[in-house]
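*Asks:* Sequence:
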Amino acid sequence: MKRSSRAADDRALVAVDVGTGGARAVAIDLEGRVIAEVRRAYPTREPAPGWAEQNPDDWSERAAQALTALGRLLGRRHRAIAIGLTGQCPTVAPFDAQGRPVGPGMLYRDNRAVDEAREMRDRIGVEAMHRRTGHVAEAFHVGPKVLWLRRH
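The sequence shown: position 37 = 96 (our numbering), numbered continuously.
There's no promise every hint is true.
As the list claims (entries may be wrong) - Each pair of labels, with its calculated beta carbon distance range:
1) Asn-114 / Val-205: 13 to 23 Å
2) Asp-69 / Glu-105: 40 to 50 Å
3) Arg-182 / Val-93: 40 to 50 Å
In short, the hints are calculated from the structure, not lab data.
Every residue, glycine too, gets a C-beta built ideally from N, C-alpha and C.
Could you build the full structure based on these sequences and the hints that come with them?
*Replies:* Right, here's the structure in full:
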């Protein structure tokens, strides 16, 4: 395999994390050292006890801002050879058919779907649910949140 004429130390791995407190973009060299890092914060709202919401538009906007700023910091001195993405889980957000958010994202720590989780456990059964999914429905899980969204 032919090697690039560029120096090996100009290569970087880039990671983008859409996390709880904001989006972060980081470039790491092949030895594991951080070359540059950029963070862009966004708020979490708690409109009721047990609720935790974010604006889904904030996730993509702040991630793009962080990645753009990281690119400026790296300039032509480094080139990304791979990009990894990660985000919050199990966070649920409703979108329309065009991919636009139609409501706030319900964070992993949002527990408004207590009644829906209880109903799922009662209807399906704890053992049957665990056999099928490896989990037992809790308010912070995706299934109860989706059921809550359908009802509200």
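*Asks:* Now tell me if each hint is right for this structure.
*Replies:* Hint by hint, here is what the structure shows:
1. Hint check: Asn-114 to Val-205, Cβ distance near 19 Å, so the stated range 13 to 23 Å holds.
2. In this structure the hint that Asp-69 and Glu-105 lie 40 to 50 Å apart at CB holds, the actual value being about 44 Å.
3. Between Arg-182 and Val-93 the C-beta distance comes to about 49 Å, which sits within the given range of 40 to 50 Å.
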